[in-house]
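Those protein sequence lines, which keep their order, are chains S and C.
Residues in the first sequence are numbered from 2 upward in steps of one, following this note's numbering.
Residues in the second sequence are numbered from 859 upward in steps of one, following this note's numbering.
No lab work stands behind these hints, which were simulated from the structure alone.
The structure displayed is predicted, hence computed values, not measured ones.
Backbone N, C-alpha and C fix where the C-beta goes; we use that ideal spot for every residue, glycine too.
Don't take every hint at face value.
Now the stretches of chain S that chain C is said to cover, found in silico as 3 or more residues with beta-carbon under 8 Å [what the hints assert, rightly or not]:
| hint | region |
| --- | --- |
| 1 | 83 to 91 |
| 2 | 218 to 225 |
Selected chain C positions facing chain S (Cβ under 8 Å, derived; list incomplete) [unchecked claim]:
| hint | residue |
| --- | --- |
| 3 | 917 |
| 4 | 918 |
| 5 | 920 |
| 6 | 967 |
| 7 | 968 |
| 8 | 975 |
| 9 | 996 |
| 10 | 1027 |
| 11 | 1068 |
| 12 | 1069 |
| 13 | 1122 |
Distance ranges between label pairs, derived from CB positions [said to hold, decoys possible]:
| hint | chain 1 | residue 1 | chain 2 | residue 2 | range |
| --- | --- | --- | --- | --- | --- |
| 14 | C | 1017 | S | 176 | 55 to 61 Å |
| 15 | S | 256 | C | 1146 | 30 to 36 Å |
| 16 | C | 937 | S | 172 | 51 to 57 Å |
| 17 | S | 223 | C | 888 | 41 to 47 Å |
| 18 | S | 95 | C | 924 | 36 to 42 Å |
| 19 | S | 25 | C | 888 | 17 to 23 Å |
| 20 | C | 1145 | S | 223 | 51 to 57 Å |
| 21 | C | 926 | S | 176 | 54 to 60 Å |
| 22 | S | 183 | C | 1059 | 44 to 50 Å |
| 23 | C | 887 | S | 42 | 54 to 60 Å |
| 24 | S | 94 | C | 1017 | 27 to 33 Å |
| 25 | C | 926 | S | 223 | 24 to 30 Å |
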Amino acid sequence: MSRNGPAALLFHALFVIFTLAPIVVVCAVAFTSLGYLSLPTQGLSLRWFRAIAGNPEFVDAFWESLWLGLLSASLAMIFAVPCALAVARYRFPGRAALLGLLQSPLMIPPAVLGIAFLRFFTEIGLGGTFPGLVLSHVIIIMPFALRLVVAASSGMDPAIEHAAVSLGASWWQSLRRIILPLVLPGIASGWVLAFITSFDEVTMTVFIASPRTTTLPVRLFLYVQDNIDPLVAAVSAALIGLTFVAMLLLDRLYGLERLLVGPGRG
Amino acid sequence: MTTAATAPVRSRLPLMPYLLSAPAVLLYAVLLLVPLVATALLSLHSFSLYKGIEDVYDLANYRDIFGDSYFYEIFARTFRIAFLVTLLAAFIGAPEAYILNRMRAPWRGIFLLVALAPLLVSVISRTLGWALLFGSTGLVNQGLIGLGVTSAPLQFMYSETGIVIALTHVLMPFMMISVWASLQRLDPAIEHAAVSLGAPSLTVLRRIVLPQALPGVLSGGIITFALAASAFATPAIIGGRRLKVASTLAYDEFLNTLNWPLGAAIAVLLLIANIVIILGCNKLLERRYAEVFR
Chain S
2 MSRNGPAALL FHALFVIFTL APIVVVCAVA FTSLGYLSLP TQGLSLRWFR
52 AIAGNPEFVD AFWESLWLGL LSASLAMIFA VPCALAVARY RFPGRAALLG
102 LLQSPLMIPP AVLGIAFLRF FTEIGLGGTF PGLVLSHVII IMPFALRLVV
152 AASSGMDPAI EHAAVSLGAS WWQSLRRIIL PLVLPGIASG WVLAFITSFD
202 EVTMTVFIAS PRTTTLPVRL FLYVQDNIDP LVAAVSAALI GLTFVAMLLL
252 DRLYGLERLL VGPGRG
Chain C
859 MTTAATAPVR SRLPLMPYLL SAPAVLLYAV LLLVPLVATA LLSLHSFSLY
909 KGIEDVYDLA NYRDIFGDSY FYEIFARTFR IAFLVTLLAA FIGAPEAYIL
959 NRMRAPWRGI FLLVALAPLL VSVISRTLGW ALLFGSTGLV NQGLIGLGVT
1009 SAPLQFMYSE TGIVIALTHV LMPFMMISVW ASLQRLDPAI EHAAVSLGAP
1059 SLTVLRRIVL PQALPGVLSG GIITFALAAS AFATPAIIGG RRLKVASTLA
1109 YDEFLNTLNW PLGAAIAVLL LIANIVIILG CNKLLERRYA EVFR
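Just chain S, same shape as in the assembly (with noise of 0.2 Å):
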């Protein structure tokens, strides 16, 4: 394969410097020593992330985001696996519009979305409650949630399930000695993604949290429309930083490019 030229690589630079300028600059001016907005010139400081303990709204909003997060991710994966399987390893009339069907929220703009919820959680008097941010959330990571298991399930050979069967395997044995154990991998990982969907969402919540009930995200949004200042920048380091962890972690898990891009050829 031919080497990319200067120009090319000049592009590349330039590219990156895009790509990474927002995200440097916050975390730059986060450790300013200076009570205003600034970069950190002056010397650095971690008096805005010891800042962030003194702001329970913050903390609390993190913990909210964080059991939101868990909780939606895990009730979503109870109905996403039974369904990935059937999806996978089954060919029945319907499956299409089913495919459809469960892809459906990606379509649906989350502002729209949320007026949606809104208006129903009110009329079913869960309107601002944790459990309707639950279910919310539920909705919105299935799409993320399925995909990665529908990829693990597909991906599995049949010859071995037909084994199992053959040397006298229960439906219920080949399930969990042979199914689930193959599965599990597009399982973790999609849990993850649906975790970390839900833990960023901000367009769909802002509709229907309420000040008891408030994610992280819609903390920061309605702080950030109000004032920018380094404490909401120390806020914004400590995510980026949690995110980079994360990263990590899903890189050994499951591969970071196979998550984001999809299983490549190579």
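Chain C: place on chain S using the hints.
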């Protein structure tokens, strides 16, 4: 969607797939279809400050939206921004994906992650970064003045230009993923054959690479456009309270003005526009490039 068809393992259990998918379908019916239908019905109701929401059924809200230049301007702005973002993402993302694809290990993997990892960083953090670059630290303007591009600082905050730049950054990974996937299908032997037959590199790019990468660019474009048209947080932060797009308008009607029926009507229009664009473009794409998608 899925890979090669696996033969049904047990044909004597035709009920099985329906039983397995029933819980999820039920969940969608109750939590997705019902709320969406209720929203469509809500958009037909009327609202007044004194009587609140009234249970009438007419198209008054839609007439208001289509008759008022204020709403027209916001919808036009939404789609103008989405179009520009898609164009920029295609013209920056496609060449970059091609350059990445020609790199060697380990650079290829590292820079692919640099390009895609922002997807995992919260949209708020990334948008905050642009707000900082545009505003207080003013690094963008310092750079532009330093390079002699402009003599006076340009206004990026609270402007459409700012929204377009930040949204392009936020949505770039989706374009990259799509183009990258289509480049992986490209057989390097074809490129080599063209070169060995004496084709100059520009011809190879134009005649061999581009036609095969185009479906990826186009399907990435559909995703980017749909996401840009329904974006909320980035336009809300960079655009401020006055420069509205469809999503932020619906938010204001719902949570500030409390005119839920009108907000619902805006939501329904946004949803219809989104679905028409996605399905319409997908159909076109599939017909034009049937052989690529198989």
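Going through the hints against the structure:
no. : hint                        : verdict
1   : 83 to 91                    : holds (count 8)
2   : 218 to 225                  : holds (count 4)
3   : 917                         : violated (18 Å)
4   : 918                         : violated (18 Å)
5   : 920                         : violated (16 Å)
6   : 967                         : holds (7 Å)
7   : 968                         : violated (10 Å)
8   : 975                         : holds (6 Å)
9   : 996                         : violated (10 Å)
10  : 1027                        : holds (6 Å)
11  : 1068                        : violated (15 Å)
12  : 1069                        : violated (19 Å)
13  : 1122                        : holds (6 Å)
14  : C:1017 to S:176: 55 to 61 Å : holds (57 Å)
15  : S:256 to C:1146: 30 to 36 Å : holds (33 Å)
16  : C:937 to S:172: 51 to 57 Å  : holds (52 Å)
17  : S:223 to C:888: 41 to 47 Å  : violated (30 Å)
18  : S:95 to C:924: 36 to 42 Å   : holds (37 Å)
19  : S:25 to C:888: 17 to 23 Å   : violated (45 Å)
20  : C:1145 to S:223: 51 to 57 Å : violated (45 Å)
21  : C:926 to S:176: 54 to 60 Å  : holds (58 Å)
22  : S:183 to C:1059: 44 to 50 Å : holds (45 Å)
23  : C:887 to S:42: 54 to 60 Å   : holds (58 Å)
24  : S:94 to C:1017: 27 to 33 Å  : violated (53 Å)
25  : C:926 to S:223: 24 to 30 Å  : holds (28 Å)
The structure fails hints 3, 4, 5, 7, 9, 11, 12, 17, 19, 20, 24 (numbered hints given earlier, in ascending order).
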